Structures are given as structure tokens and as C-alpha cells.
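J.: Quick mapping for you: the protein sequence lines, in order, are chains A and B. Read in order, the letters of the first sequence are residues 1 to 171 in my numbering. Read in order, the letters of the second sequence are residues 1 to 171 in my numbering.
In short, the hints are calculated from the structure, not lab data. Since this is a predicted model, take the numbers as computed values, not measurements. Every residue gets a Cβ at the ideal spot worked out from N, C-alpha and C, and that includes glycine. Among the hints, erroneous ones may be present.
Said to hold, decoys possible - Residues from chain A that face chain B, not an exhaustive set, calculated with beta carbons under 7 Å:
| id | residue |
| --- | --- |
| 1 | Thr95 |
| 2 | Ala99 |
| 3 | Ala140 |
| 4 | Ala148 |
| 5 | Val150 |
2 protein chains.
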Amino acid sequence: MPGKPIQDPFPDHAHDHDRCVKEAFDRAEKLFKQNGLRLTDLRRSVLEIIWQSHRPIGAYDILDRLKDGGRRAAPMTVYRTLDFLMENQLVHRLTSQNAYIGCDHPEESHRGQFLICRTCGVVGELSDARIITAIKETAATTGFSVEAPVVEVTGLCRDCVELDGAGRGHA
Amino acid sequence: MPGKPIQDPFPDHAHDHDRCVKEAFDRAEKLFKQNGLRLTDLRRSVLEIIWQSHRPIGAYDILDRLKDGGRRAAPMTVYRTLDFLMENQLVHRLTSQNAYIGCDHPEESHRGQFLICRTCGVVGELSDARIITAIKETAATTGFSVEAPVVEVTGLCRDCVELDGAGRGHA
DNA sequence: GCTTGAATTGATATATTATAACATTCTAGA
DNA sequence: TCTAGAATGTTATAATATATCAATTCAAGC
Ligand SMILES: [Zn+2]
Ligand SMILES: [Zn+2]
Ligand SMILES: [Zn+2]
Ligand SMILES: [Zn+2]
């Protein structure tokens, strides 16, 4: 049985994105059922828009796409939906980008660390214990008790490093 | 000779803040001279306002205080000055707060890590090699090359942990 | 099926943060 | 003094996010 290979946290430029979307929605639907949440048309649409790529998308861009899709909507519509999706870990907000990105593993309560490629715009989510430990222990030396670490790292992804920062265009 | 004791990255609730301000301005003046920069009234005022406390302050709050001080100013005035101060490492922007904080050590080019107390609002800046190493090495396992890590950690500072999250009020 | 309260969405207005573009003033040096 | 570049003034606008109240939809119990 093939199954999923060892997971790479950063989506390759040539990966099968349809599979990402399918898996994301499978997980989402499961989560909604388990928790008795309502996967409404609006929520589904917003989630679809967000999962159209691995690039973070702004609230007003989501709004535009909703309108393109024939739905009438206002900023509040989007922000409310984003709040709901974030509460349920289906979406994360990248504070350094004022933008939103889909999450791979909404089952577990978490706050990921993010790698953001400056060239292609793609984001990968990490969940690395060592980073968190380093932050917690360093904070502890000054008596600081960590609650919500924000880690957002810009740089160049594997594919864009190879292209020496000239790469563009993929899901 | 007394000199400075081992530096604690998080300002104590009862520390001598006048000394912080004095030292910050000594460093700033030195930096301006060394680099042939112009420490204008506007820049000095903005830096003073930012150093009034160890809490981050928003651009529009800076604007208000400038006006209180009898200076006429517009948002652009503030943002331009902040840009200048940030270029010269005298000020950092906390992306998770949309707010700005004074920097302790403008001499060295750096991008700090920040501890932000949710109760008293005070911010301490770290510059911890272990955190950066953990981020770089983890990123490297997926071929990602780190350029600009953002680390902003909210939680409770030493003093506020002791008060169990009821503390308030100091510089 | 009908009722009802809660959840969801609609609609309008406004707050907050940040940038664009061009004009004027200041300042260091020739 | 003259002048070019730096700094600031001024006006307008973009981009992001929230507050508030009304209308609609939905699930559950009767
Ligand atoms: Zn994908
Ligand atoms: Zn996640
Ligand atoms: Zn101080
Ligand atoms: Zn600093």
C-alpha cells in the first residue's frame, strides 16, 4: 500500500495540488462532523478560495473571489467566516502578511510556524518542537511564561533557491 | 567600577526607566554621529515618544502625542520618521501588534525576537542564537533558506506571572 | 407541520493602519 | 550666496479590520 510518504512541510512547485485540496476538504468535513459544526456554503466557498493555492490570501481578495463566484458579500462576511475557520484551526492568519492560509492538520490545537517564500509566495507550515522549546527555555531565563509564539520566517524555498530567486508560477 | 550588570532582556516593573531613556539617547546620538545622520527635532521627538515606555506604541498614537507637543503633523510624517528610525535599527516594528518599540542596541544590524506581556504590555527584546539556529536548521531540512525570521511571543512577564495576571501600571 | 430560540448571514457604517504624489523648506557644502 | 539633496509639509487615498442592528436560516422539540 502506497499511502502518504514522509511529509515534507513545504509544497513542491510541481506537486499534485488537487490532492492537497481533496485531502484538506476530507479533513475539514470529518472535523465538522465530529464537532457538530455547520459546513455552510459560505464557509465551504471561503475554504475553497483559500485552498486554491499555497500562497496566503488577503481578506479583500477572498471577498473579490466570492463576488466573482456570484455571491453577494461584504467585508464582514469574510472576516466572520475567517474567524470561524481560524477558531477551528482550518485556517491560520499570517500576521506579517495580513493574509490567511489553509491548515493541514486542523485536528490538533496548535499555532504553527511558517516558512514564507519571498519569491514564489508559497507558505509551508512547520510544527517543530525544537523551535518552541528554544523559545520557551530562553524566555524562561528571564521569567517569561510563553503563551502564544508567533514564528513567521521569510526566505527562499527549495525550488526558488535553485532558480536563484527567479522562479514563479504554480499552485 | 559599577558599570552595567548582566543584562536582563525584560525590563523589571520597578526599574530605573530614566536611565533606559538616557542610555537609549546616548546610543542614538553616537550612532547618528558615526553614520553622519541627521538627528532632527522630529526624529528626536518621535524617539522620545517611543521611549516613554517599554510598551509598543502605534503610529497614530505617536501622531497624537506629537500634536499634543504642539507640532503639526500628518500620518506621513510619522511613518516616514518610523521608516528612518527602523532603517537605522533604533526602532522595531512588532507586526503582531501593528506597533513600534525602541531598540536597545542599534549598533548591530539585527532583527530581534520579542517577548510581549499580555497583561502589562511591556516588551523585551531577545537576540538568542539558539532560537535562530533552531529555525534555520529546521527550515534547512526542507531546503528553505531563511532570510528574515519574525519571532513575537506573547505571554506573561516575570512580574505579571507573580501577580497571576492582575498586574498593571509602570513605565 | 409548526414554533421557537440560536446560529448564520446580510447590510450599513465606521475605525484603524499605511501609502502615493507633489509642494515646500531646510541644510550642508561648493 | 548658490544649489542639490535631504527632510518635512500637505492633501488625498488605499488597505485592513470592526461595530451594530436587521433579516434569514436551521435544528430541535412539540
Ligand atoms: Zn498543494
Ligand atoms: Zn496549522
Ligand atoms: Zn525602562
Ligand atoms: Zn533591537
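J.: Decide, hint by hint, whether the structure agrees.
T.: So, going through the hints one by one against the coordinates:
no.: 1; hint: Thr95; verdict: 5 Å, holds
no.: 2; hint: Ala99; verdict: 12 Å, violated
no.: 3; hint: Ala140; verdict: 10 Å, violated
no.: 4; hint: Ala148; verdict: 5 Å, holds
no.: 5; hint: Val150; verdict: 4 Å, holds
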